[in-house]
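These are the residues of each chain, in order.
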Amino acid sequence: MMENKEKVLSVKDLNLWFDGDFSSPQILNNVNFEVYKGETLGIAGESGCGKSVTSLSVLRLLKTPPARIQGTIEFQGENLLELPMSKMQKIRGNKIAMIFQEPMTSLNPLFKVGYQLEEVFRLHQGLSKEEAKKKAIEMLDAVRIPLPEQRAKEFPFQLSGGMRQRVMIAMALSCRPELLVADEPTTALDVTIQAQVLDLMRNLQKEFGTAIMFITHDLGVIREICDRVVIMYCGEIVETAKVEELFANPCHPYTNGLLSTLPQSGVKDRLPTIPGMVPPAGKFPSGCVFSPRCEHACEQCIANKPELYDVGNGHSVRCFRYQNTEVK
Amino acid sequence: MDAEKKILLKVRNLKQWFPVNTMIFEKKKYVKAVNDVSFDLYEGETLGIAGESGCGKSTLIRSCLRLLDPTDGSVVFDGQEIAKAKQKQLRPIRKDMQIIFQDPYASLDGRWTVTQLIEEPLIVNKLCAGKEERQQKVRDLLESVSISQEYVNRYPHEFSGGQRQRIAIASALATDPKLVMCDEPVSALDVSVRAQVLNLLKELQEERKLTYIFVSHDMSVIEYICDRVAIMYLGKIVEIGTKEDIFNDPRHPYTQALLSAVPKVSGEKDESKRIILEGDIPSPVDPPSGCVFRTRCKYATERCACQEPKVTDLGNGHCVSCHLLDE
Amino acid sequence: MENISLGKKIRVFIKHNGRLIVGATLVLAMILMAVFAPLLTQYDPNATDIRNRYQTPSAEHIMGTDGSGNDLWAQVVYGARASLLIAFASQIATMIVGAMLGLICGFYPKVDMVIMRILEAINSLPSILLIFVLGMVFGNSYFNLILTLVIAGMGGPTRYIRAQVMSLRQKEFVEREVAMGASTPRIMFMHVLPQCSSYLLVTLGSGLSSKIMSLASMSFLGVGLPSGVPNWGTLISAGQVQLMLYPYLVFYPMIALAITNFGFSMLGDGLRDLLDPKTH
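Residue numbers (the working numbering), protein chains in the order written: chain R, 437 to 764; chain W, 691 to 1017; chain F, 938 to 1217.
Just so you know, these hints were derived from the structure itself, not from any lab. Just so it is clear, the structure is predicted and the values come from calculations on it, not from any experiment. Even for Gly, the Cβ is constructed at its ideal location relative to N, Cα and C.
For lysine-lysine, the following DSS-like pairs were computed, each having C-alpha atoms within a straight-line distance of at most 27 Å:
#, chain 1, residue 1, chain 2, residue 2
1, W, Lys719, F, Lys1108
2, R, Lys704, W, Lys868
3, F, Lys1108, W, Lys816
4, W, Lys719, F, Lys1047
5, W, Lys774, F, Lys1108
6, F, Lys1047, W, Lys718
7, R, Lys704, W, Lys892
8, W, Lys778, F, Lys1108
9, W, Lys933, W, Lys1000
10, F, Lys1047, W, Lys776
With the Cβ distance kept under 8 Å, some of the chain R side facing chain W (calculated, not the full set):
#, residue
11, Glu482
12, Val627
13, Thr628
14, Gln630
15, Ala631
16, Leu655
17, Gly656
18, Phe683
19, Thr697
20, Leu698
21, Ser701
22, Arg706
23, Pro708
24, Val714
Selected chain W positions facing chain F (Cβ under 8 Å, derived; list incomplete):
#, residue
25, Leu755
26, Leu757
27, Arg781
28, Lys785
29, Gln788
30, Ile789
31, Asp793
32, Leu798
33, Arg801
34, Glu810
35, Pro811
36, Val814
37, Asn815
Given these sequences and hints, build the entire structure.
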């Protein structure tokens, strides 16, 4: 059913190390995923699971060295990892845009927001000053900022957090990118503002048809906005499925654990917990990465690394317990 | 609420204003972080204080703890008025009220070992006779928060976030306090560790008969751990009541919107029922006249702009400040 | 991580801490020179020998002799003693005074008002003028020189420590101490001061080099060490009269001054790189 959809981005066998003086821990291990046109792919996991590093390597924003990347990241038929930097810069912000967690750090505090937006149009689309100004105000209006003409004349510090994130989204969408990479865009926002921004992103996606790669640690947000989801743990994809499928039928013990540790409405008993803690980079277990914390772990899990087994309906799990139910 | 329950902390009309730098001839302005807040805290219960950033929830507990000097109002802890007390008079009271902070990286001095960190409140308050007794107490505390004894001489940076929060909890409990204020204690932790710390807090409460004030912006955590909940908006408590009242029958429009905005991982996903608030939280320097929430409230009328809503008691301690309810 | 050879660890340390090593070596060399001065030269720095005035550098007098026939090498070597001693003593005293004043200012707003106004008054004078005036007022014993340098130099550390205290007081680990009932002095000395220690250590290098320079300037201007105590400032001052004829009389003490200064600066930078977590 996915075959007829157009692939925007496909990441194949992405491996990543950080070379230090004494060791080079592997941060990503054979990460594979695709983003299709018009869909929202969620990448979820706890801190240190490699979700942000994945998004940064898609945009090639990691410094190499110390980072060492292997694999292919295919975007519109080209491998982004092999493109020269000059070409990459044309793609960045134009065809692939990114929004970050803290909009204050990605906006220049010394320039008015309108000017910063105009710059994007002038740089990537070569518009004249007047045209760019008109476009900038249109964009601010599109992200539902009230009184866009006035807001354009303000500096970033005069806007609230939610407004700044809207400006960032306006900037990101101004060149009608094929792909929007959103790295925890609502984490710094309050819930009521988060609801506004998520609502806005949903509506804009319908309007613009942009594919979104949405990175977050909040499974609730994933359920709100994403179509498909990838769960990462210790630099590996442990489970991937459509959102309804994942929340209705979580298969990997880690996903299961994560969902059950969240306090649910009406539950008063002790919360189920996942024993232990996330291992630090460089100390990822050699077999199944989750085996030291898994209640189902057996000798096989400690010795060998499981594959991603397809259990049907676009749902794959990296767990030996699903080896036999695999749909070929 | 059981009328015979003992009130441990009684807060009345508490105000915590911070002056804002203004020009010489301008009228003096204040950030009204906490503006006229009153509530009772009963012994043995957990009171949740929920609200978005800037609503004054963290300031409120810092004023109650006298880490700040309140502008006005009264705070009575265990029968003693502490809002205007001098720091010296406060010292003997401090061991009965402790605080756990959001960020265990910032709240533990990185140059001290675990033992030193946990001993500190014992030394400061001269609670143990000798070194032996103190070390025994440290070992007991570590055991009660499930940190292995072999780590007593390690430094905080050698621990993960969850373990550090456990150490902070052990240190807060060293003086056997009656009241523990928790300022977003699990917000900085990873999801899988969060549940462990929440369980620990609940267990410790049962074992030691603790009273908690639990500040959080995460409504699901509040619902799990609290008995009663106060919802704050722009320095005021807009609604307070038992957990069941607040979550099953929220009456203030803000509480309703806040609860519906929380993304949930279970239950039905009905987008039509979601209330999406318009606009931003106003600045606490210039809060709206009348009802503070009126600028974002879809039911707002003229009356809301000119008159401050009174507190309406709906019974069972469920109090709401909204004009809709006293009509 | 554990099975990395010691050799590799040392190589990596050297790679990242080149400045620290260069600085420490130079400073150590200067200190050894001052301590073992009698072993490095057979001449007495103050022994006048009129027959050997203005000797150009030779095997016998490797840096030549000055107008009184004193061996210049002996004067440079012995000069390190006074220069380094006063520099170290005054820098350490400056840091102690600065830390105390900074802590008091940070914790007690009323005292802060008074101390800050005094410091502003002191620092409104150009520093060289201030040192000159203080030097003249106090006279030129060792103790008074140190006092002069401390008064002139305490503004910087005081202000820095004060700013640190102000920001540290907002930190949660300090709030936690207050909530636990700890007294202000306990918080000051057990929690806040240790946090400032890396700053104090880092400024040791740059502070020492500025003290060496100030002392040399004072001696050059004639308000420094009493006559008869060999030191680099006095040597330069005396030598500049004959600069056109005997440039080496200025040249060699200048080299000693420059090397010491360079060493202290490198040591300071190296310590900063080593202690500042941001550079890792």
